[in-house]
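Novice: Residue numbers (my numbering), protein chains in the order written: chain A, 325 to 950; chain B, 15 to 423.
Careful: at least some of the hints might be erroneous.
Stated by the list, open to error - Once the Cα atoms are required to be at most 27 Å apart in a straight line, the calculated DSSO-like pairs of lysine-lysine come out as:
| id | chain 1 | residue 1 | chain 2 | residue 2 |
| --- | --- | --- | --- | --- |
| 1 | A | K456 | B | K116 |
| 2 | A | K486 | B | K254 |
| 3 | B | K98 | A | K427 |
| 4 | A | K420 | B | K98 |
| 5 | B | K187 | B | K254 |
| 6 | B | K163 | A | K456 |
| 7 | A | K723 | B | K263 |
| 8 | B | K163 | B | K98 |
| 9 | A | K459 | B | K263 |
| 10 | A | K427 | B | K340 |
| 11 | A | K444 | B | K263 |
| 12 | B | K340 | A | K739 |
| 13 | B | K163 | A | K538 |
| 14 | A | K427 | B | K236 |
| 15 | A | K741 | B | K236 |
| 16 | B | K236 | A | K459 |
| 17 | A | K420 | B | K236 |
| 18 | B | K263 | A | K486 |
| 19 | A | K459 | B | K98 |
| 20 | B | K98 | A | K486 |
| 21 | A | K585 | B | K340 |
| 22 | A | K420 | A | K456 |
| 23 | B | K98 | A | K730 |
| 24 | B | K163 | A | K610 |
| 25 | A | K501 | B | K98 |
| 26 | B | K263 | A | K427 |
It is worth saying that the hints were derived from the structure and are not from the lab.
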Amino acid sequence: MMILAFRICFRAFDVCVPDDVLVEEEQSNSLPSLMTPSITSGMSSSMDMPRKRKGSTDNQLFNNPECAAFQRSVTYLFKCLCREPHSQIEKRRRDKMNNLIDKLSAMIPTCNPMSRKLDKLTVLRMAVQHLKSLKGSASSFSEASSKPSFLPEEELKHLVLKAADGFLFVVGCDRGKIVFVSESVTKILNYSRAELIGQSLFDYIHPKDMGKVKEQLSASELHPRERLIDAKTGLQVQADLPIGASRLCSGARRSFFCRMKYNKIPVKIEEKETQANTSKKKESQKYCTVHCTGYMRSWPTSQMGAEGEGEGDKQDSSYFSCLVAVGRVHSHSAPQVNGEVRVKPTEFVTRYAMDGKFTFVDQRATTILGYLPQELLGTSCYEYFHQDDLLHLADRHRKVLRSREKIETNCYKFKTKYGSFVTLQSQWFSFVNPWNKEVEYIVSTNTVISYDNSRTARSGHKSEQSGNSKASEDCKKSLPVIPGISSTSGTMIYAGSIGTQIANELLDFNKLNSSPSSGNVSPFSLTQEKSPQTLNQITNSVPNGETSDMEIPGKSSSDGEPQGASFPGGDSLMGENSQLDLDSVVGPSLNSFSTDEAAMAVIMSLLETDTNLGEAVDFEEMHWSL
Amino acid sequence: MQEERGDTHWSQAISSVLQGNLCWHHRHAASRGTPQDAMTADKEKRRAISREAARRRRRVESDVFGDLSRLLPLQPSVRAHLDKPSVIRLTLSYIRLQTLLKETAGSHEELGHGARYRHGGEAQDGCLFELGKETEGLDPLDENSMYLKILEGFLMVLSTLGDMIFLSDNVSKYMGLSQTELMGHNIFEYTHPCDHEEIRHNLRLTAELGCSQKRDFVVRIKSALTHRGRVGNLKSTTWKVLHCQGRVKLCAASSSVSCVLLTCRPLPLSHTLLSTHTFTSQHSMDMRFTYCDQRVTSLLGYRPEELLGRSIYDLCHTLDTSCLNKNHLNLCLKSQSVSGRYRMLVRSGGYVWVESHSAVIPGVQPSRSRPRPNPSQPLCILCVTYILSGVEEPSLQLSLDQTFQRYLR
């Protein structure tokens with residue numbers, strides 16, 4: 325209903341806006357035609373306050389009173405026409421300026437204690453004073469350097485490293501010797517600079533990443549092994565193509581990931597990530613993933629000084645080449661921790677195909693269920709459900725396939741490898757491909773409620789708690805849920821077929837709705853196919869009360885379909901509604917575009933609107949507003 | 015101060031003149047007896063005076079503006095072309111930046127870092143000088159300029175309201191607009207409207223994002239650069255996709271200096287050296303493989319041809335679904351994306367950590383011949399996937415595919 329209201333508003337707005345624009349255009353168009361030299365002077369006088377006085381004195385020069393009168397009237401006319409926009413512009417300018425001055429006065433300490441509002445000039449003067457004092461304290465950086473800059477280089481460096489959360493390092497290409505590393509490394513890897521400089525980088529790299537780093541260091545800029553990729557076409561280009569040529573000379577870019585050792589014993593006050601990592605005991609977790617980006621650089625040895633440690637490096641070649649790079653700790657540096665925080669030990673994650681077959685099982689399932697993942701994979705989850713729960717779970721299964729929301733199941737019993745039952749509660753959601761809106765699979769987060777067999781007491785209580793809102797509809801629906809099966813519920817059927825049947829129902833449902841079913845169809849052509857139909861809807865839903873009449877039959881017809889009927893109305897309606905709305909937003913504009921770029925834009929806008937509608941949060945909000 | 019005094023002096027002068035004027039007016043009225051004339055003349059006089067006063071006021075004001083702009087670290091050529099609002103805007107940025115730097119030093123002090131930090135800075139310079147001798151190419155000045163060059167992007171400091179407090183001067187290389195043109199403006203004026211919510215979310219200080227102070231997002235920003243690298247005007251801007259990474263700098267003392275430090279850079283797709291630990295793939299827009307290079311076999315065990323038509327979602331660890339989903343949405347909306355870390359299942363069992371950098375491109379035949387972007391071809395997604403780790407838990411079979419592989423072997 326909300327959407328309808330919106331649409332009507334939108335229409336009304338559409339009608340309004342052009343009128344406004346038209347009026348303005350008329351005004352501005354009519355101006356030049358009226359203009360004569362004397363009038364323009366009059367107009368300019370009316371436009372500019374200080375000059376207005378001058379203009380009025382000029383007017384007195386006119387001896388002919390008629391002429392003056394004429395001019396006055398014309399000026400008045402112009403005032404009427406022009407004053408509004410011009411004064412608006414002036415006002416905006418003044419407001420902007422006042423706003424800036426206010427901000428300024430808020431930033432200047434000497435202005436703050438004064439309770440009264442200061443005038444512009446005073447604020448400006450104080451700003452000058454403040455700047456002078458800042459300059460004094462900020463030393464001679466900007467004065468001394470030939471090129472003034474807002475930030476002294478030294479500070480800039482710190483900010484960059486802070487923002488990047490990384491460290492700069494320079495590594496000789498031939499032996500991997502660390503020639504230079506910035507101070508910030510101590511905060512990141514817990515090694516001091518002195519420890520690192522002069523050492524081989526390879527001592528600090530994960531053994532399995534050695535080859536990777538060596539490769540990056542050895543492939544110097546003139547090597548033919550260089551394989552670059554052209555972002556425009558996605559094709560690999562040879563290094564000798566002009567695109568990279570200039571770049572390669574100045575130093576080929578490098579971007580790679582490697583795992584670097586860090587000191588377990590924090591020397592300094594360390595950060596959260598490292599702390600989390602240090603608590604880990606596993607050997608591999610002494611490493612953190614570092615993203616290195618930088619470029620190759622070489623200096624002719626002739627320029628190099630005779631002294632220093634570089635001697636050994638430079639004797640064999642006339643160039644000393646090295647990698648200059650920033651290493652930044654990967655922003656998701658401790659995902660293992662994240663994963664385990666998100667999933668409690670009594671939880672495990674599984675993934676079902678649409679028909680309820682296990683396609684992914686988290687290894688934690690083994691400790692809970694006794695099955696190895698490979699024992700569950702490929703089998704239908706219905707084979708493990710207790711018979712009493714089948715109807716309920718089948719209902720939830722159906723629901724999850726048609727809804728984007730997370731669906732909670734009641735407590736149910738799951739047969740373990742040892743024949744006993746574990747009481748689980750699951751949260752299911754169907755993962756929908758963002759592009760074509762097809763259900764990829766169902767993700768289920770399963771929580772263990774209890775291991776014991778006294779199910780009646782426990783789960784009965786629990787289901788009362790969790791499902792009291794849904795209880796009534798569950799009861800109502802438990803019978804017609806599985807039409808094919810309800811008749812045979814007494815007899816034993818192959819449980820796995822329940823899932824298949826539900827999946828087929830959805831496919832049929834989709835086919836009936838002629839919604840996207842094939843992933844190979846380009847979404848653009850898809851939307852084009854749809855557009856005439858949606859166009860119809862639009863032309864029909866011209867802005868008045870009829871819109872609501874138009875929409876509701878559409879909904880009820882989809883409701884009338886057998887599968888739709890088995891759902892609580894709200895959910896399926898929601899889906900329908902957002903879909904329709906989206907189409908009608910994008911539909912009409914499609915026809916007017918022909919070029920590829922335009923098509924692209926439409927696809928993008930389609931997606932934008934679509935995802936906005938599709939996101940869980942929005943969805944919920946809409947749900948409430950409905 | 016002097017000027018202020020001058021000002022009061024002036025106002026006194028005005029008032030005395032006005033008084034004189036009044037006297038004159040009285041005399042005039044008495045002698046001539048034509049108040050009308052007197053009135054107009056009087057008005058004239060007043061006008062002249064206030065005109066003069068206004069002129070004077072404006073002169074004083076522009077003098078102060080001149081002083082202000084001279085105090086800003088600007089090049090003379092830039093300074094000459096600044097209008098008044100810009101002067102204030104830049105002054106604001108300058109003051110904010112200085113407070114920020116002071117706070118930074120302060121916060122280090124608080125943490126017990128301060129002394130060492132600053133000392134470290136000095137030592138670094140000294141050390142660098144030595145190093146400079148050592149390698150000769152690394153003189154300190156060079157080293158400083160190196161940071162931005164290595165970054166291949168620019169530094170941006172945002173206030174919590176989205177004001178761009180600072181931008182490094184190489185921003186012009188990426189946006190086609192100069193540092194002075196942009197600084198002090200609001201980021202929302204220069205970013206794609208559809209990304210505003212995300213930016214706002216990232217500017218929020220930690221509350222919802224838990225304790226994480228890190229920021230990592232992709233944003234579309236206005237760029238006045240034309241395709242040939244020339245600077246066009248602001249009206250004809252294109253959207254440029256930038257990957258913003260950084261962290262929040264919180265200041266407990268006052269929220270006005272809390273800010274977000276970000277490095278913004280275009281995705282490094284175009285100059286990726288494809289190492290043996292990287293593979294490229296092309297996907298249809300729904301993330302099904304349409305092409306994959308040979309290296310995937312050595313890295314993940316899959317043969318390229320068996321991947322064709324498969325969805326990337328089948329290959330990922332279920333716990334990383336949301337990460338990939340976000341990546342996919344970014345691609346659909348913004349056309350480029352960085353996935354962040356996620357797990358890909360290895361054919362024979364277990365998984366590896368990977369990160370993908372991807373872009374939406376017009377589809378081409380993945381042939382070795384000349385690239386021919388065909389406009390009639392549907393769009394596709396190009397991914398460069400970096401392998402970050404070795405195979406973890408290689409004995410585990412997590413997905414159906416992996417068990418199949420086991421049986422088939």
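Novice: Hint by hint, say whether it matches the structure.
Specialist: Status of each hint after checking the structure:
A C-alpha spacing of about 16 Å is found between A/K456 and B/K116, which places the hinted pair at or below 27 Å, so the restraint holds. Of the pairs offered as hints, the one joining A/K486 and B/K254 holds, with about 24 Å between alpha carbons and a cut-off of 27 Å not exceeded. At roughly 15 Å between alpha-carbon atoms, B/K98 and A/K427 fall within 27 Å of each other, so this suggested pair holds. Between A/K420 and B/K98 the alpha-carbon distance is near 11 Å, which keeps this suggested pair within the 27 Å criterion.
Taking the CA atoms of B/K187 and B/K254, the gap is near 12 Å; set against the 27 Å cutoff, the hint holds. For the hint pairing B/K163 with A/K456, the CA-to-CA distance comes to about 32 Å; that exceeds 27 Å, so the pair is violated. Proximity of A/K723 to B/K263 is assessed by CA-CA distance (about 45 Å); at most 27 Å being required, the pair is judged violated. For the hint pairing B/K163 with B/K98, the CA-to-CA distance comes to about 33 Å; that exceeds 27 Å, so the pair is violated.
For a cut-off of 27 Å, the pair hint linking A/K459 to B/K263 stands: about 24 Å separates their Cα positions. With a C-alpha separation of about 38 Å, the suggested pair A/K427 and B/K340 falls outside the 27 Å cut-off, and the hint is violated. For a cut-off of 27 Å, the pair hint linking A/K444 to B/K263 is broken: about 32 Å separates their Cα positions. Annotation: proposed proximity of B/K340 to A/K739 is violated, straight-line Cα distance about 35 Å (limit 27 Å).
Straight-line distance between C-alpha atoms of B/K163 and A/K538 comes to about 23 Å, which keeps the hinted pair within the 27 Å bound. Proposed proximity of A/K427 and B/K236 is supported: the alpha carbons are some 26 Å apart, at most 27 Å. Taking the CA atoms of A/K741 and B/K236, the gap is near 59 Å; set against the 27 Å cutoff, the hint is violated. For the hint pairing B/K236 with A/K459, the CA-to-CA distance comes to about 33 Å; that exceeds 27 Å, so the pair is violated.
A C-alpha spacing of about 23 Å is found between A/K420 and B/K236, which places the hinted pair at or below 27 Å, so the restraint holds. A C-alpha spacing of about 9 Å is found between B/K263 and A/K486, which places the hinted pair at or below 27 Å, so the restraint holds. For the proposed pair A/K459 and B/K98, the alpha carbon gap of about 21 Å is at most 27 Å, so the pair holds. Note on B/K98 and A/K486: the hinted pairing is violated, with a Cα-Cα distance of about 33 Å set against a maximum of 27 Å.
This hinted pair does not check out: A/K585 and B/K340 have alpha carbons roughly 30 Å apart, beyond 27 Å. Under the criterion of a C-alpha separation no larger than 27 Å, the hint pairing A/K420 with A/K456 is consistent with the structure, at around 25 Å. About 55 Å separates the Cα atoms of B/K98 and A/K730, which puts this hinted pair outside 27 Å; it is violated. Simply put, B/K163 and A/K610 have alpha-carbon atoms about 31 Å apart, too far for the 27 Å limit, and the pair is violated.
In summary, the hint linking A/K501 to B/K98 is not supported, as the alpha carbons are separated by about 53 Å, beyond the 27 Å threshold. For the given pair, B/K263 sits about 21 Å from A/K427 by alpha-carbon distance, which is consistent with the 27 Å threshold.
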